[in-house]
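These are the residues of each chain, in order.
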Amino acid sequence: MEYLKSERKQIFYSILLGLAGGLVGVALFGLSGYMISLSFFEPPFFIIILIIAVIKLFGMMKGAFRYIERLLSHEATFQMIGRLRLNYFTKSLAMDEDTHSVKFIQKLNQHFDRVEDYYIRIIYPYVTAALLTLILLLLAFYINTEVVLIMAAASLLLLFAIPKLFEGLSYKEAEKREETDDAFYMKLYHYIHDYTDLFVRRQTETHKKGLYGYLAGIKRHEDKKALYESLMGFAANLIQIAMIILVIFVMYQETPMLVPMVMLLGLSYFDQVVPVIQPASNYRTVKDAVRELDTAEVEREDEAETDKNIEKIIIEDLAYKYPGSNTNVLKNIEVAFTAGEKHAIIGSSGSGKTTLLNRIIEGDDAVNFYGNSEKAGHDTLINDASVMPQHLDFYNATIEANITMFGHLKTSAECMKNHLAEMEMSYYTPDTMITHTGRLSGGEQKRLHFIRMMIEDKQWWVMDEPTARLDEKLREKIWNHVLDRETAIVSTHDLSRLDAFDRISYMEQGEIIESGSYDDLMNEKGAVYHAVLRYADNL
Amino acid sequence: MKINIPAKYLVLYVLMCLGAVSAFILFGHNLSLILEDIVIRASTPDSSPLMWTAVFFMLFAVLTLTYKLVSQRVANKRIESLGRKVLDKIDDQTMKYSESMLNAVFVHLEKYRPFERVFIPTIIQTMVRLGAIIIAMFFIHRNAAFIMIFTAPFVPLYYVLVGLKTADESKAQASQFDALGTLFLNLIRGKNTVRNMQAERTVTGRLKSFNERYVKETMDILKYAFQSTLMLEFITILGIGLIALEVGLQIIIFESITFYAAFFTLLLAPEFYNALKVLGIEFHNGKLAQGNLEMIEEWLEKETVAGDYRFQGIRDNAIEMRNIKLGYGSENLLEDAELTVPETGFTAITGPSGIGKTTLLRAIMGLHAPAEGEVHIKDGDIGYISDRIYFSDTTIYDYVSEGGYDEESVRNILEALGLMESMENLEEGIHTKIVNHNIPLSGGEIVRLKMARVLVRRPSVILMDEPTEFLDAKTEQLVMSHLEILKESTAIVAVVHRRKLLKIADRHYTLENRRIVRRNGGEY
Numbered sequence: 001m002e003y004l005k006s007e008r009k010q011i012f013y014s015i016l017l018g019l020a021g022g023l024v025g026v027a028l029f030g031l032s033g034y035m036i037s038l039s040f041f042e043p044p045f046f047i048i049i050l051i052i053a054v055i056k057l058f059g060m061m062k063g064a065f066r067y068i069e070r071l072l073s074h075e076a077t078f079q080m081i082g083r084l085r086l087n088y089f090t091k092s093l094a095m096d097e098d099t100h101s102v103k104f105i106q107k108l109n110q111h112f113d114r115v116e117d118y119y120i121r122i123i124y125p126y127v128t129a130a131l132l133t134l135i136l137l138l139l140a141f142y143i144n145t146e147v148v149l150i151m152a153a154a155s156l157l158l159l160f161a162i163p164k165l166f167e168g169l170s171y172k173e174a175e176k177r178e179e180t181d182d183a184f185y186m187k188l189y190h191y192i193h194d195y196t197d198l199f200v201r202r203q204t205e206t207h208k209k210g211l212y213g214y215l216a217g218i219k220r221h222e223d224k225k226a227l228y229e230s231l232m233g234f235a236a237n238l239i240q241i242a243m244i245i246l247v248i249f250v251m252y253q254e255t256p257m258l259v260p261m262v263m264l265l266g267l268s269y270f271d272q273v274v275p276v277i278q279p280a281s282n283y284r285t286v287k288d289a290v291r292e293l294d295t296a297e298v299e300r301e302d303e304a305e306t307d308k309n310i311e312k313i314i315i316e317d318l319a320y321k322y323p324g325s326n327t328n329v330l331k332n333i334e335v336a337f338t339a340g341e342k343h344a345i346i347g348s349s350g351s352g353k354t355t356l357l358n359r360i361i362e363g364d365d366a367v368n369f370y371g372n373s374e375k376a377g378h379d380t381l382i383n384d385a386s387v388m389p390q391h392l393d394f395y396n397a398t399i400e401a402n403i404t405m406f407g408h409l410k411t412s413a414e415c416m417k418n419h420l421a422e423m424e425m426s427y428y429t430p431d432t433m434i435t436h437t438g439r440l441s442g443g444e445q446k447r448l449h450f451i452r453m454m455i456e457d458k459q460w461w462v463m464d465e466p467t468a469r470l471d472e473k474l475r476e477k478i479w480n481h482v483l484d485r486e487t488a489i490v491s492t493h494d495l496s497r498l499d500a501f502d503r504i505s506y507m508e509q510g511e512i513i514e515s516g517s518y519d520d521l522m523n524e525k526g527a528v529y530h531a532v533l534r535y536a537d538n539l
Numbered sequence: 001m002k003i004n005i006p007a008k009y010l011v012l013y014v015l016m017c018l019g020a021v022s023a024f025i026l027f028g029h030n031l032s033l034i035l036e037d038i039v040i041r042a043s044t045p046d047s048s049p050l051m052w053t054a055v056f057f058m059l060f061a062v063l064t065l066t067y068k069l070v071s072q073r074v075a076n077k078r079i080e081s082l083g084r085k086v087l088d089k090i091d092d093q094t095m096k097y098s099e100s101m102l103n104a105v106f107v108h109l110e111k112y113r114p115f116e117r118v119f120i121p122t123i124i125q126t127m128v129r130l131g132a133i134i135i136a137m138f139f140i141h142r143n144a145a146f147i148m149i150f151t152a153p154f155v156p157l158y159y160v161l162v163g164l165k166t167a168d169e170s171k172a173q174a175s176q177f178d179a180l181g182t183l184f185l186n187l188i189r190g191k192n193t194v195r196n197m198q199a200e201r202t203v204t205g206r207l208k209s210f211n212e213r214y215v216k217e218t219m220d221i222l223k224y225a226f227q228s229t230l231m232l233e234f235i236t237i238l239g240i241g242l243i244a245l246e247v248g249l250q251i252i253i254f255e256s257i258t259f260y261a262a263f264f265t266l267l268l269a270p271e272f273y274n275a276l277k278v279l280g281i282e283f284h285n286g287k288l289a290q291g292n293l294e295m296i297e298e299w300l301e302k303e304t305v306a307g308d309y310r311f312q313g314i315r316d317n318a319i320e321m322r323n324i325k326l327g328y329g330s331e332n333l334l335e336d337a338e339l340t341v342p343e344t345g346f347t348a349i350t351g352p353s354g355i356g357k358t359t360l361l362r363a364i365m366g367l368h369a370p371a372e373g374e375v376h377i378k379d380g381d382i383g384y385i386s387d388r389i390y391f392s393d394t395t396i397y398d399y400v401s402e403g404g405y406d407e408e409s410v411r412n413i414l415e416a417l418g419l420m421e422s423m424e425n426l427e428e429g430i431h432t433k434i435v436n437h438n439i440p441l442s443g444g445e446i447v448r449l450k451m452a453r454v455l456v457r458r459p460s461v462i463l464m465d466e467p468t469e470f471l472d473a474k475t476e477q478l479v480m481s482h483l484e485i486l487k488e489s490t491a492i493v494a495v496v497h498r499r500k501l502l503k504i505a506d507r508h509y510t511l512e513n514r515r516i517v518r519r520n521g522g523e524y
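The listed protein sequences correspond, in order, to chains A and B. By UniProt numbering, the letter at position 519 of the first sequence is numbered 519, and the numbering carries on one by one without gaps. By UniProt numbering, the letter at position 249 of the second sequence is numbered 249, and the numbering carries on one by one without gaps.
So that you can see chain A by itself, here it is in the shape it has in the complex (with noise of 0.2 angstroms):
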């Protein structure tokens, strides 16, 4: 409930509101039994009237109460859920985790679906029902003790033995049934990249057969649910015969005339308490949700405000491994950038530019950077550094939104325009919306970053390559915005523009093996050179 403090209000009131009007539904059905025990007695006829019009106004009162209960308890979720999302999105800011894959971001909102049920579906309820149990108990004892002790025993079955039997049942499914997606969506994931290959080996088939086989596997967790949500009513059905006729057996002798109440009462309060069972069934399942959205804070220092500008990035002895993996992907790494400069990190894919970079933009104990002589205390270049990575990040929102980072960015529409019309995106108006999957080319989420470089202009460009995915034309002119600049550190396959960068770094497999300017490193005739003879025997 802790989640809950700051709707604390809402609740008080909701829950109230929500045992009123279960009341008030209860006393009208057994007010409807008890008139007509009544009226066979020839009672005066205002009783009967006065019944009926109390019946009427409970009704109203019923609706009401609901009406209004409704409104809080949902008020109080969605500010729960938006406190949640925003304190989430917070840490996971503070995080490097990576967020990319559909798999991670299927599970968060699977998590906040199973949140908004909390309170909605699952405490609320409960808890009004349990109220409701509790005042129906003491009511009963005007009529008499077996009445109560089958009412508490009906009661405590339906509310805490039934949802607490099939708790762990449901939870043990549920984490089988997560086990199934997972494998489900890393074989899916590969039958889909790999499918060309699949393809010529004539195995599509075989595999689409494994993915059915996941199918078929949901499906059997699925019925299994079924089968659990199904007994669990039935279950509910069971004492609720078992009390119509014990309470027939107890009441019959002494107060005949209120056993029609207290039936019509009696199946009432079952019509409200039986919703509650499954949804209670799954609170485990909700509350480990819950936890998972609530992990511990992780404190990320933000970066020290410092007015010194960054003037040169040093990097002693870098080694770096992927968390969870023993190899090295980077070693050995001694190099220096400095502002006013420009410097290429060339090597085939796989040999660590990427890694290289990360490593630049998210800071590292190897990686120090300086104002003019002395360390600038900073810990990353963000600061002073606008940043093209490998993967591009888009927003549904418009190309606005998009290029400005929802306001981040000052610029005007006309300035977002002519930048369009340059990257020859003019379909696009700052107005449109976009969508961050499928839609966008890899080129067009290039050009996009590109704009939003050009518009953050900070000192220090860091772009891994820029112009892969692009024509002749386009890469021209991304590489003529780039050499205007002073300082940039590129990681490029594009070798054509490789003359005009002040310094050259190579890397084979994560090791720095040559580095210096263009005109020594052709002279020397090395990794460089033949790089760049091989380039120019490309077609």
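The set of hints was computed from the structure by calculation and includes no laboratory data. You can trust all of the hints, since none of them are fake.
DSS-like, lysine-lysine: derived pairs with alpha carbons at most 25 angstroms apart:
#1 A:Lys219 <-> B:Lys8
#2 A:Lys219 <-> B:Lys77
#3 A:Lys187 <-> B:Lys96
#4 A:Lys224 <-> B:Lys85
#5 A:Lys417 <-> A:Lys458
#6 B:Lys302 <-> A:Lys208
#7 B:Lys433 <-> A:Lys103
#8 A:Lys410 <-> B:Lys208
#9 A:Lys107 <-> B:Lys85
#10 B:Lys111 <-> A:Lys209
#11 B:Lys85 <-> A:Lys225
#12 A:Lys224 <-> A:Lys287
#13 A:Lys103 <-> B:Lys111
#14 B:Lys77 <-> B:Lys89
Covered by chain B, per the in silico footprint, the following chain A stretches (three or more residues, Cβ under 8 angstroms):
#15 31-38
#16 87-99
#17 227-236
Yeah, the Cβ is synthetic: ideal placement off N, Cα and C, and Gly gets one too.
Since chain A is already given, all that's left is putting chain B on it; use the hints.
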């Protein structure tokens, strides 16, 4: 909203629901008899109606349980086959939209499931209940049946007059809820850019204000939705109240109703009105689920290549393409093009990017049907070395062998390509797991691994998309000398970006002006 379900299930469902509601009505009948005994005659209840009460209620419970089990199993089966249909749409181009495909399978399909699992069975059950109760009421207490018939249309009427707006509004709310969720998930996914551009404060502020606006607007819309529920509740109360009033008057003034009928009526009336309410609420849920079905159907509408369009069994050549027209939609990359590839030798294909070189290879592979013309191949024994590398959750051994070759053959081929040395440096050798490119393979190694994967199989035709990224000279020499040996016994068709490779080419074609043009003597 159409309920799309095979007739046999519909009949089965209706029968089961009819059974359940009949059992419930018979339960009510016996219970009313007992209560009449107790209240009016103040006698001990007979054991026979008491037993029947229990029996019919049990029957009702069992039938309800069976109905739920059967209908949910059918629904899960239908979702499974829908999932299969979506998977059937995967082809070599899906990679570009992999996120959308994964979303269809993991998100939209799951969000559509409740429609099949809950919505359809509930609607059928409710309709049967409404009908059965009204019919029963005609026998129990006719006036109550009239009141039901009179009040029930108010629910759909209300929906027509006021509720349509609510339905639209609730759809707007659903899409808005989606929009907030999507923005949030987008931002989580794209947090690196937020961080790199130091836009944390702006973006967090944006998310917060979006959220506040969203809560406010949603609550405004929910007011409408809940108002319609309130109206339903009022109609219900009105109905039950009217029935209670009528029953009361009958008892006291006209004295024309038995206790049995009075109690039975009051027992069934709430069942009737609750069913009406359920219809109203489910309508809303159904709308939400349907949006997801639309997303799935987008995939289902996609056309796939129907069967193998290639002709197999030519004798003298490995590949013959005759009068080929090849392209995407109305845009043709090749028209009236011809290509003949003999059983051995190296055929090089060049041309600027985007002109259709890879599409040509795909047409040979059977992945892209030409709009016109014929593709003839000797047999289906083709190997393909693509220009992109994809490793996931596999070991080098699994990647190369794909389960079809033993360790020795794999080692031999890796040895022949000069890869064993670097493989042995890995901790678990060729059984090292590759996840997320965690192993620093050089471009040259990657190319050779891909070659190894094809060469271990020795296909009669090898298609090759030369990687545009540069390799070092040593690796290139190695690759070239292998291809030179290979081409003596195999037909190699390669998209070539480097002049040097043309040296080993026996034939050289260039794609220009939508034709395949032969160059002289294999030289450029």
